[in-house]
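With chain A fixed as given, assemble chain B onto it according to the hints.
As given, the protein sequences belong to chains A and B, one line each in that order. Under numbering that gives the first Met the number 0, the first residue of the first sequence is numbered 0, with each subsequent residue one higher. Under numbering that gives the first Met the number 0, the first residue of the second sequence is numbered 0, with each subsequent residue one higher.
No lab work stands behind these hints, which were simulated from the structure alone. Note that beta-carbon positions come from the ideal geometry of N, C-alpha and C, so glycine has one too. Hints may be right or wrong, so weigh each one.
[What the hints assert, rightly or not] Simulated coverage check for chain B against chain A, where a stretch passes if three residues somewhere in it have a Cβ under 8 Å from a Cβ of chain A:
{"hint": "1", "segment": "83-91"}
{"hint": "2", "segment": "160-171"}
{"hint": "3", "segment": "202-213"}
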Amino acid sequence: MGKEERREELLKELHEGVVEFEEDQVKEAAQKVLDEGFNAYDAVMNGLAAGMEEVGELYDQQEYFVPELLMCADALYAGLDILQPHITLEDLGDKPKGQVVIGTVQGDVHDIGKNIIKMMFEVAGFTVHDLGRDVPLEKFVEEQLRTDSEIVALSAMMTTTMMGMEKVIKMIKEKNPDVAIMLGGAPVTSDTADLFGADGYAESAGNAVQEAIKMISRLREMQNK
Amino acid sequence: MATMTPKERVKRFFKREPVDEMPCFSGMGTVTVQAIDKMGIRFAQVHGSAEYLAGSAITGAEMFGFDGVVVPYDMCTVPEALGRGVSLYEDAEGILYPTVPSKWATLDEVDMPGDLNVIFEKARMPVVDEALKILVSHDGGRLAVGGWVLGPFTMAGQLIELDVLLKGLKKDKDRVEGFLARMTDLVIAVAKHYEDLGVDYVNIREMGSGTDLLSPRMWKTLIKPNLEKVFSALNAPKINHICGSTDLIIEMMNDCGADAVSVDQKNNVAESRQKLGNDALILGNFDPYGTLVQMAPSEVDGVIQKCIDDGVDAVWPGCDIWPDVKEENMKAYVQAVRKYGKEPTPAVGRV
Chain A
0 MGKEERREEL LKELHEGVVE FEEDQVKEAA QKVLDEGFNA YDAVMNGLAA
50 GMEEVGELYD QQEYFVPELL MCADALYAGL DILQPHITLE DLGDKPKGQV
100 VIGTVQGDVH DIGKNIIKMM FEVAGFTVHD LGRDVPLEKF VEEQLRTDSE
150 IVALSAMMTT TMMGMEKVIK MIKEKNPDVA IMLGGAPVTS DTADLFGADG
200 YAESAGNAVQ EAIKMISRLR EMQNK
Chain B
0 MATMTPKERV KRFFKREPVD EMPCFSGMGT VTVQAIDKMG IRFAQVHGSA
50 EYLAGSAITG AEMFGFDGVV VPYDMCTVPE ALGRGVSLYE DAEGILYPTV
100 PSKWATLDEV DMPGDLNVIF EKARMPVVDE ALKILVSHDG GRLAVGGWVL
150 GPFTMAGQLI ELDVLLKGLK KDKDRVEGFL ARMTDLVIAV AKHYEDLGVD
200 YVNIREMGSG TDLLSPRMWK TLIKPNLEKV FSALNAPKIN HICGSTDLII
250 EMMNDCGADA VSVDQKNNVA ESRQKLGNDA LILGNFDPYG TLVQMAPSEV
300 DGVIQKCIDD GVDAVWPGCD IWPDVKEENM KAYVQAVRKY GKEPTPAVGR
350 V
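Just chain A, with the same shape it has in the complex (with noise of 0.2 Å):
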């Protein structure tokens, strides 16, 4: 077998153990992958973030609901805790993908979503700051400033507790206006965050769980251009 076509088998194998929620499967593959001396971010961005995308699609078509994802969700942080240790700064273009805070706001105790998301920063390479959940809004603002993190990201799931994000996004524009912002699933820039102020909350743990995906699908195809 050759070279190439044995690294599409590794691949091939954390895809549809990702996808099949097969978690014993990722991790022989994810420790093949090291073993054989294959590129570990190839392995994350190609075999398991794309079983991710899949997983998305399953879920679209409702095939798949919120029990299967967060079993598939469990397949690729077992492949990913084998393999992100061997990514290196030369896999993510020679410099530190960067940080994020993340939590859901005071109020919510949901964090199905939030953790979905925060596992899509993970595989992209960023250092995630998870501040939990039920987050008192003063929190988002004082471990922005400690961390120095380019993004902070706030997941409500519920109606309610949406008018605390309006509120850390005023706090946090405040004191560092160049912090990106994003809601829920839906990435918002500088420029924009105060035009989307509280209008990009996700609406149950289902849509936020979709657009989590839908970001990974997104981050691939940057990856890959």
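Chain B in isolation, oriented as in the chain A frame:
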């Protein structure tokens, strides 16, 4: 002119007997800042006092002309009585609903009392009982009083971590099913307790079970049997409420033994009416946040008219009313229900 008392109207409505006009009520919270401000209290204070709960419900009903009142407003009373605590956010500015701070992290940690009746003595359960008693006897029993309990699956999600529950449906099916069976007993115990206190209807809110989260197949095997058990154990008019995507499961929802189904704005009610026929009581389905907080008051009338044109028997908000409503929108909502609710609806005639 109205000839029935609100309570008579709602009671007849659930029996599908002709009413003088469409009752304007809900099976979810309808507390508003206008009522809370009038009482001189803050939202965070309401949840722990029977007088505040009942008072804010009555004040709101009288201010806007509702036929019914519903308490409590938060979804943590039962989890709190089971020792999971409550976050009331007393220091937060603005309105935040209470949440459950310490869910059981795994199924192994679940610790339920053998005799479920002990929970009625714990935490805020006696406060809710007292509030319901005040409402039932208020003004000679004029207003319809609604009780509500989360459905077994949604209750489970308030007590253990949702991802443990969701993944467990696939990976740990037997134990999760066992846990859901215990949740079903819990829901029945609480709902029967509220029946005994004299509520006029009981809304079972299986909110987290729509097809945004679960497949129709999973709904059929894991949600439906438990809801059937709940509804067969209750006597009072009972409602099966699910928010989010319900188009794929509406027929199964209607088949669980409840007197009515309640859905939110994601449901295509015109189609649901076709599927269920004219005998089914359908409640819904406007977006309370969009309609009462965000819209211009002049737009509200059209939203309510559409619900009725699509075929609901009573206009219900799809969820709790977000307390920070515009007063004009609330008035427009109630007025529109009165205006378009004079004609018979598919399941309920007019006197």
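Hints versus structure:
1. With 3 residues carrying a beta carbon less than 8 Å from a beta carbon of chain A, the segment 83-91 of chain B meets the three-residue requirement, and the given coverage holds.
2. Check on the segment 160-171 of chain B: 7 of its residues sit with their Cβ under 8 Å from a Cβ of chain A, so the three-residue criterion for coverage holds.
3. Check on the segment 202-213 of chain B: 5 of its residues sit with their Cβ under 8 Å from a Cβ of chain A, so the three-residue criterion for coverage holds.
Of the numbered hints stated above, none is contradicted by the structure.
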